[in-house]
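Asker: Sequence:
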Amino acid sequence: MVPKLAFNYNAVPKIRFGVNCLKFAKNDLTSLLGDRIMVITDPGLMELGLHLPLLKTIEDAQLIVFDEVEADPSFSTVLKAIMYARRKSVTGIVGFGGGSPMDVAKLTALVCGSNENLDEVWGVDNAKGPRLPLCLIPTTAGTGSEVTPISIVTLDSKEKRGVVSSLLLPDLAVLDPKLTLQLPSFTTAATGIDAMVHAIEAFTSKSPNNNILSRVMAKEALVLLNRSIRTAVENGKNIEARSDMLLGSMMAGMSFANSPVAAVHALAYPLGGSFKIPHGLSNALVLSEVLKFNSFDMHAAKDYANLAKIVCSSSKMNGSIHLEALQFSEYFRQLSESLGLPVRLRDLNIPRNDLEKLASEAMRQTRLLVNNPRSMNEGDILKIYQRVW
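Whatever position you read off the sequence shown (first residue = 1), add 36 for my numbering.
Calculated from the structure, these hints are not laboratory results.
Think of the CB as a built atom: it goes at the ideal place given N, C-alpha and C, for glycine as much as any other residue.
Hints are supplied without guarantee of correctness; some may be wrong.
Derived CB-CB ranges, DEER-like [to be verified]:
#1 MET82 <-> LEU191: 23 to 31 Å
#2 SER125 <-> SER349: 52 to 60 Å
#3 ARG263 <-> ALA42: 28 to 36 Å
#4 PRO387 <-> PRO244: 32 to 40 Å
#5 PRO387 <-> LYS50: 42 to 50 Å
No more than 25 Å apart at the CA atoms, straight line, and that leaves these computed lysine-lysine pairs for DSS-like [unchecked claim]:
#6 LYS242 <-> LYS255
#7 LYS328 <-> LYS255
#8 LYS124 <-> LYS62
#9 LYS328 <-> LYS338
#10 LYS59 <-> LYS273
#11 LYS328 <-> LYS419
Kindly produce the complete structure, drawing on both the sequences and the hints.
Answerer: Pasting the structure below:
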């Protein structure tokens with residue numbers, strides 16, 4: 037894909053990054069969020085006590101904690117958070133955790149600030165705003181949600197529905213690698229692959245807004261993530277590796293926030309919606325086969341061969357663009373396997389008889405499929421699921 041010379045690029049106004057930076061963010065947080073601050077998080081983080089440094093940082097404010105966010109948050113959870121925030125008359129919102137708490141925080145800030153109905157804002161640029169002041173603080177390296185204008189919710193029908201709006205970009209993102217030190221190795225691997233997918237799909241996106249800034253950011257993100265993912269999985273206390281992963285995840289997020297993701301995500305969403313497969317693992321499962329499919333597009337093959345120079349050793353590069361693109365796709369299957377992730381749908385008890393239903397659901401992700409470098413139909417998607425099964 038050739039980046040456009042005319043493009044739009046939206047970014048978070050202020051980012052704090054560094055070990056212990058949360059400790060020094062007090063003035064930023066209190067001046068932004070006011071005196072009635074709602075922290076949206078999940079029960080697992082509360083149990084680990086990861087929220088305690090945050091609460092200490094903003095202890096002078098009146099704190100309201102909503103800790104009921106589940107993985108792949110449901111529509112009802114978002115509504116519950118919104119009603120709780122309204123009841124408590126909060127002045128600002130903090131999303132603290134992985135992608136799920138941050139996604140709920142974004143929509144809570146939007147709806148409480150604008151009084152819009154959620155059903156009116158689904159899709160791209162339908163939100164009108166304004167929203168409440170918003171700060172996002174990630175505790176995983178993967179979603180990049182702290183710097184993206186996107187929020188994904190699971191409906192009662194198990195379909196994934198998204199809101200895309202620059203209003204969902206926070207006023208402040210605080211990224212402290214120390215908050216990721218307790219991530220289990222499996223989660224580190226799955227969320228790390230998720231971040232790599234963001235970089236790859238942003239770099240190769242067919243979006244008319246594929247741009248030079250996103251591509252530069254995506255390549256550097258892939259460098260950081262690839263050099264550190266194995267270390268972070270094997271030795272979670274390695275702060276240098278954790279810093280690389282968190283920075284790489286953020287950069288990949290900034291990249292795909294402006295040059296959006298494509299078919300890997302389109303095929304991953306039904307796995308999460310129907311079978312509760314974690315989002316990062318869903319992406320990892322279909323990544324290699326989607327890349328192989330796309331490698332038969334000339335522009336995608338050139339991009340993959342370009343990115344292959346980052347992840348594949350030079351001894352494996354043979355000069356053929358198509359073969360280098362295929363080596364790139366195979367690299368990620370081997371990476372997932374080496375990190376201990378399942379590489380087959382059947383290993384997760386997904387029945388083969390359900391593959392046609394999954395393909396039908398993936399076809400509804402038109403917002404994503406339109407960005408894929410090679411057009412896909414339902415039959416193509418079914419074949420990919422079958423190869424991964």
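Asker: Does each hint hold? Answer for all of them.
Answerer: Status of the hints after comparison with the structure:
Our hint of 23 to 31 Å for MET82 and LEU191 holds, since their Cβ atoms are close to 26 Å apart. The hinted range of 52 to 60 Å is satisfied by SER125 and SER349, whose Cβ atoms lie roughly 58 Å apart. Distance hint check: the CB atoms of ARG263 and ALA42 are about 33 Å apart, consistent with the given range 28 to 36 Å. Take PRO387 and PRO244: their Cβ atoms lie about 39 Å apart, and the range 32 to 40 Å holds.
A C-beta distance of roughly 47 Å is found between PRO387 and LYS50, which places it inside the suggested range of 42 to 50 Å. For the hint pairing LYS242 with LYS255, the CA-to-CA distance comes to about 17 Å; that is within 25 Å, so the pair holds. Using a Cα cut-off of 25 Å, the hinted pair LYS328 and LYS255 holds, with the two alpha carbons roughly 20 Å apart. Distance hint between LYS124 and LYS62 is fulfilled; the C-alpha atoms sit about 22 Å from each other, no more than 25 Å.
Pair hint LYS328 plus LYS338 holds up; C-alpha atoms about 13 Å apart against a cutoff of 25 Å. Only pairs whose Cα atoms come within 25 Å are accepted, and LYS59 paired with LYS273 is accepted, the gap being roughly 19 Å. Taken as a hint, the LYS328 and LYS419 pair is honoured in the structure, with Cα atoms around 12 Å apart against an allowance of 25 Å.
The structure fails none of the hints (numbered hints given earlier).
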